[in-house]
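*Asks:* The lines below spell out each chain.
Number of protein chains: 2
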Amino acid sequence: MEAATIAATYPVSPFFGSPHSRPYVRGFRCFGLSIPLSRLFAASMKYRDHRRQVATRSSGERITAQPSSELRRKNTGGIGGSEDEKLRSLRALFSRPGIGIDAYIIPSQDAHQSEFIAECFMRRTYLTGFDGSAGTAVVTKDKAALWTDGRYFLQAEKQLGRDWILMRSGNIGVPTTTEWLNEVLPSGCKIGVDPFLFSYDTAEEMKAAVSKNNHELVFVYDCNLVDEIWRESRPKPPFKPIRVHDIKYAGVDVSSKLSTLRSELIEASCTATVISMLDEVAWLLNLRGSDVPHSPVFYSYLVVSYTSATLFVDANKVTEEVLVHLSKAGVQLRPYEAILSEIESLSDQGAKLLLDPSTVNAAIVNLFNSASNRHLHRSENKVKGNIGRGTHLESTTQKDAPVQVNGHNTLFKISPISLSKALKNEAEIKGMRNAHLRDAAALAEFWAWLEDAVHKNMNLTEAEVAQKLLEFRRKQFGFIDTSFETISGYGANGAIIHYRSNPDSCSIVGDKNLFLLDSGGQYVDGTTDITRTVHFGDPTARQKECFTRVLQGHIALDQAIFPERTPGFVLDVLARSSLWKIGLDYRHGTGHGVGAALNVHEGPQSISFRYGNMIALQMGMIVSNEPGYYEDHSFGIRIENLLHVKEEKVPNNFGGIRYLGFERLTFVPIQSKLVDCSLLSFAETKWYNEYHSEVWEKVSPLVEGAAQEWLWKNTRPLPLPQQ
Amino acid sequence: MEAATIAATYPVSPFFGSPHSRPYVRGFRCFGLSIPLSRLFAASMKYRDHRRQVATRSSGERITAQPSSELRRKNTGGIGGSEDEKLRSLRALFSRPGIGIDAYIIPSQDAHQSEFIAECFMRRTYLTGFDGSAGTAVVTKDKAALWTDGRYFLQAEKQLGRDWILMRSGNIGVPTTTEWLNEVLPSGCKIGVDPFLFSYDTAEEMKAAVSKNNHELVFVYDCNLVDEIWRESRPKPPFKPIRVHDIKYAGVDVSSKLSTLRSELIEASCTATVISMLDEVAWLLNLRGSDVPHSPVFYSYLVVSYTSATLFVDANKVTEEVLVHLSKAGVQLRPYEAILSEIESLSDQGAKLLLDPSTVNAAIVNLFNSASNRHLHRSENKVKGNIGRGTHLESTTQKDAPVQVNGHNTLFKISPISLSKALKNEAEIKGMRNAHLRDAAALAEFWAWLEDAVHKNMNLTEAEVAQKLLEFRRKQFGFIDTSFETISGYGANGAIIHYRSNPDSCSIVGDKNLFLLDSGGQYVDGTTDITRTVHFGDPTARQKECFTRVLQGHIALDQAIFPERTPGFVLDVLARSSLWKIGLDYRHGTGHGVGAALNVHEGPQSISFRYGNMIALQMGMIVSNEPGYYEDHSFGIRIENLLHVKEEKVPNNFGGIRYLGFERLTFVPIQSKLVDCSLLSFAETKWYNEYHSEVWEKVSPLVEGAAQEWLWKNTRPLPLPQQ
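As they're listed, the protein sequences go chains A and B.
Going by UniProt numbering, the first sequence opens with residue 1, and the numbers climb by one from there.
Going by UniProt numbering, the second sequence opens with residue 1, and the numbers climb by one from there.
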């Protein structure tokens, strides 16, 4: 049922690019197809796959993969009074001296465009009671509305109080947030936002959109209005210590990375850059943290100039070891909150900043631009001004201090870290290989256990199965966390691409239908992400045909060889054409980038039917290969391995360029019971058999007993076709 | 040798889109990859494939496929004095009263962005002596330079006089035409162009480019300066009668087509449109002409408003039958030259024009815009102005009469005819099918003859073979013309993608190497375009491997099934991936649109590795399927069929949309001798055998004797693989 709702939020065909898809921005917005601006709010700028999960864990605890029904209950019935009370308190702030706004927009984001965020930043969830991963709340003096997409219509209906209007994004006739504001507010209103929660690009688009009805977008720098009403009940910010990411896993030391970045700054004629993406900071400094679930990152900003590097972070998280590590690379420390005063001081020094407008928040960019501008004025007038967080409210359309957009003080450019981080070095690749083998061992143990449990009719729920998988992974060396919330979907639930099993009400995993399991681990040396679909009983011919066609797409992409400079989207059709032959398709991309012991979703590359991302697949990149097929109300199929882009030894080199291909990182059997051998070609059957022989060879030494027995049974070759 | 030169004009990888490739412009420019603006001049906006040929036939004669060495000799040694004399005369005109320019740009185009043009419009050829299909001449008061691309470097060196500088477009350090003008002219010069010979878009780009050195682009409306010096020796304009394209082939009558177009005008809130593409005029009016080689079109403009339609054409070409045909549809006639006064009168009437800026020339667009503007001023000032061809010289940057670009009087939009024409109706498809069968019969006869001739060592040249092919085609019902100049390339010549055999010096077709033959016919009911590559002796293992991989790409595209709304470029990889597997590729697109008894190259669709064209493949479109492989100095391979995009009966319809596939139109054997059966999969072998059984079934009744015997031998099945 939910899957049908999802379908309704898409345009009829998935083959229309998003009107807002921008080439060369890192990653892209999934679900950003039909309702541009509200979607910009609903989804972060970062890559979103079929696993946009709410981060539910208090970040101070050990993070587990256990779902979050508790949290939902806490949120809806917790401290803070009725929702009416929250809205009343929020509106009271509109007219507070120095604020003076007519509406306030509350997005889902934190200040770093993170995919998973700490609980203390879940302001939209706190205010509305709705805890789906995607949603934007807009509150005017007399109205309150929440936008979310088809995945969450039912959930939002249940969770929203009576004062809230549910805006079903993507349904015909439903306005975007800014269209709605243009409709419901009289011309010339002031619309407030927390400028930390919007990328500069997004804020600019909003500004233009609301200007159509002469509204002004007002950046409320002083405070976040939701935090003001949240007060004591607001969860504490994350405080777990940061750790050093060992050089044997990182491969390149911080000084070298900083040196490369500085060369790029010099080449771009910039004097400094502000890095706000948490995985970029972690990668550049060879540090890892535990501030949010699933991603080993920590809240911070990093400012790098020719001569200095300053990490803005809560000092409590910095251990002695980290301090030594940073000082060796000449990285100084300042408090997280000091970022704005640093921005001002950079402007005072006449810095020219390289900024990625799709990731750096509007607070930083606008402060720098207006401070630089004041600095210019000051130089002319010999008058000294003053500015800082907590001291002012900034109109985004002030006429006396025009913002120096992309002028001589700011170069807007995709972050140079994005590509460097995507091109894994040998140590990172080695770590990824090793982590994947241990992950495969955990999965062999898990699948052997689950098969047995199902056959013994133990009536385990999807959530219990996910929990058990976590236990198997935990036993492996270097395991830290799940890399996203496990998707454990039996039968019809498997057809819900973004399914999240509710422990209280989810299905029993049985032997009457397909079971789709998409999961991953964060290890000290690497990040995994794997999907397998199995049947513990007798699959139907229909299920076998669909599974086999998904497998054929998986094999075609896995086996692709392509010239350097080929963007990922060119290969997407290889994964779909076997399904297309019988009129089937799937409504998600085929591949996303994966970090090395970092975020499970990263850019800039992707393999997708959306054609906006022109970034080429390059040696050292990691991408997922995950075609699927989802039959509404019935079953879901996905087969996912991670691949490493490598040079391919080919007998020719037409054009004098390299030809690239993939090395498989994932080594877990693909259930033979689901393969309709009559559909496979000789070459496909050979691929299947060779893969399984490799799985046995690599993983069997890491397991024993029942798991090894299971692995043996599940790596037997298919008969070669006698056509 | 030439092929190496071609290679040098490309960027290292073909997987970089042209910086000037624009989505949604009809067709695209081949070879427009590396040197934007000079290429804009060198290549027309229309689709250019690997057969950009100079139209060499005097358009009054019966057009044959005989190459044009005579014409070249005439051009280089003909009337008109030495080349110095031509340049001297041209420069003398620069300072003529009312002109006053410092440089003049002479492109290859006619006023209609035609692929093949009448001899009287070959001004660049006349002026420079260089008769390659692509080239732009620029003459300043003391310099003269010609830009052409790698295909023509050697030819241009031979043909250009000593006063000409050869600009090797695409070579490193070679400036574009406008960059060069910015370099060699002192700031603030006037650069003249004939505004009829540039699309509005191109003229705008040039204007912006030369403004960098403060130059002004001056539209010389009065006359074409080359025509002024050409005088008596200039060939007469084409005068052959226009004929009615029978409704049984056209399928839809003119009134209905006009009615559809008027609905589109109303929908776009426009009152009229000017159609200048010759194939669009011919298609809309169900007329055909013989003004240029290879394309059955006639020089004309068509203006359609809500209530009227006026054809601007030389009255001498209009027969009584055509007159009756046109008047039935309410189409009036005016002289070709009257188009400008019509544009003025449209402006007087306050018309709002729908114009395609990529095809309509700058003369028309700018005249309309400035006339509309004067009209506005007039309305305000009650003062009457005057304008017309032959009366003024227009500065494109005049400040007192700013051009109303895309203002309330002009809507710039892709021509609505472009897509309507591409979506063939049942009658057109039927005509295409029938024409292809007769063409296949001619080819069976031809190949039977050629095989015999080669085995008898008759020492036929590539040009003689092409001539003989024309004779076989001529015997078929309804044959009118070749649809482009035949590419007949033996051995190393086959590796030159745009090869044109010179009768005086071309190769003998023998049995020691591959022979590539790309040709097509214009028939009364359809247009064909087919490439086959054969070997009359013993192919090498290398040739067989390359041929087989090209064949695998051909089969993969032929067999593709894809959802509605899929742009052609998505399928391009299917045709390349078999070559990529061994590090090979080809540097041209895989498919172009084809008209029904019209231009052999038409838009808006294409199947190409250039990703700019987002036009979806749609039911009723015709596309070519022509992967290839070219080994420099050695051999060339291409296998080309035409395909008709049709709905595919598939067992599912995921997304509630149609799934599309292809119907083959071309039925000529693909030489089995060149197939390495060990590389083909079972499914590919089956495709090959089924295709050949279909060829035999459809074509054998149309031939007899040796041709039928040849057809029988060449349609025998390959052994199915015993893998």
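Each hint should be verified, as a subset may be incorrect.
Since copy identity is lost for identical chains, a pair holds within one copy or between any two.
[Unchecked claim] Straight-line distance between alpha carbons at most 25 Å, and here's what the computed BS3-like set of lysine-lysine pairs gives:
{"hint": "1", "residue 1": "Lys475", "residue 2": "Lys646"}
{"hint": "2", "residue 1": "Lys413", "residue 2": "Lys544"}
{"hint": "3", "residue 1": "Lys581", "residue 2": "Lys686"}
{"hint": "4", "residue 1": "Lys143", "residue 2": "Lys212"}
{"hint": "5", "residue 1": "Lys673", "residue 2": "Lys468"}
{"hint": "6", "residue 1": "Lys649", "residue 2": "Lys581"}
{"hint": "7", "residue 1": "Lys544", "residue 2": "Lys713"}
{"hint": "8", "residue 1": "Lys649", "residue 2": "Lys544"}
{"hint": "9", "residue 1": "Lys686", "residue 2": "Lys673"}
{"hint": "10", "residue 1": "Lys475", "residue 2": "Lys236"}
{"hint": "11", "residue 1": "Lys673", "residue 2": "Lys236"}
{"hint": "12", "residue 1": "Lys158", "residue 2": "Lys686"}
{"hint": "13", "residue 1": "Lys646", "residue 2": "Lys581"}
For the record, the hints were derived by calculation from the structure and aren't laboratory data.
*Asks:* Could you work out which earlier hints the structure fails to respect and list their numbers in ascending sequence?
*Replies:* 1, 2, 10, 11 and 12
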